[in-house]
Amino acid sequence: MTIRQSFVSTAPARGIPGDSASRNPEVYAVGNPVAWGGPVTVGRFVWLRGTAGSGAPLVGATAGRSGGVPLGIVSRSLTHPADDLAMTSDPEAALCVPEGTSVRVLVNGDVFALSQTAATVSQAVFAHTDGSGLSTADPGTPVEGAVETGWRVSVGGNAGDVIVISNWGWV
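Following my numbering, the numbering of the sequence shown begins with 872 at its first residue and continues without gaps.
There may be inaccurate statements among the hints.
[Said to hold, decoys possible] Label-pair restraints from in silico Cβ distances:
1. Asn1029 to Asn979: 24 to 30 Å
2. Ser973 to Gly935: 16 to 22 Å
3. Pro1010 to Ala1030: 15 to 21 Å
4. Ser1003 to Val898: 21 to 27 Å
5. Asp1009 to Ser973: 31 to 37 Å
6. Thr991 to Val879: 24 to 30 Å
7. Ser973 to Ser993: 31 to 37 Å
8. Ala882 to Thr922: 29 to 35 Å
9. Val901 to Gly938: 18 to 24 Å
10. Val992 to Glu897: 30 to 36 Å
11. Gly909 to Thr881: 37 to 43 Å
12. Gly971 to Asn895: 28 to 34 Å
These are calculated hints, taken from the structure and not from any lab test.
Ideal Cβ placement from N, Cα and C applies to all residues, glycine included.
Could you build the full structure based on these sequences and the hints that come with them?
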């Protein structure tokens, strides 16, 4: 099946999940993290899952038994050839980094992300521990199946929109 464009917008795109949303400084996890336990999705949170024999951090799309706050967000980088990415008839598969591949993990910065809930400025960002994405809610509000990340909404939107989240002075 061939994927064909089905919609043309006259407005510029806000951004792609995992892309840098500003020229503010960005901080990435050290040690060349590697996707482990399956592919990881660009623009979603990952958790530290262990260390490889080489000393590289292993990151996974789910919290696993350890739970806790995620390490950071998988940054979109054009370092993987298209044939290395999970190219299928699913257009979102192009944003998956295969297991065993190095991953840029943003730990501080401003980034575009896809929100599963309506988002307003200054809301807290919650990472779903099953790896299914992120939601927003007021800080301190429990969100079932998710953990508060320390990131905040800088530019809001409707459920399903690309928003901007930050942990650098988010207002």
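Quick rundown of the hints versus the structure:
Range check, Asn1029 to Asn979: Cβ separation about 27 Å, and the 24 to 30 Å hint holds. Against the hinted window of 16 to 22 Å, the Cβ-Cβ separation of Ser973 and Gly935 comes to about 20 Å, which satisfies the hint. For Pro1010 and Ala1030, the Cβ-Cβ distance of about 19 Å falls inside the hinted range of 15 to 21 Å, so the restraint holds. Separation of Ser1003 from Val898 is about 26 Å and conforms to the stated range, judged on CB atoms against 21 to 27 Å.
Hint check: Asp1009 to Ser973, Cβ distance near 36 Å, so the stated range 31 to 37 Å holds. As the Cβ distance of Thr991 to Val879 is approximately 29 Å, the hint placing it in 24 to 30 Å holds. Restraint check, Ser973 to Ser993: a C-beta distance of roughly 34 Å satisfies the suggested window 31 to 37 Å. At roughly 44 Å, the beta carbons of Ala882 and Thr922 sit outside the given window of 29 to 35 Å.
In this structure the supplied range 18 to 24 Å holds for Val901 paired with Gly938, their Cβ-Cβ distance being about 23 Å. Checked against the given bound of 30 to 36 Å, the beta carbons of Val992 and Glu897, roughly 21 Å apart, lie outside it. Take Gly909 and Thr881: their Cβ atoms lie about 38 Å apart, and the range 37 to 43 Å holds. At about 31 Å, the CB distance of Gly971 to Asn895 agrees with the hint of 28 to 34 Å.
Hint check: violations occur at hints 8 and 10; the rest are consistent with the structure.
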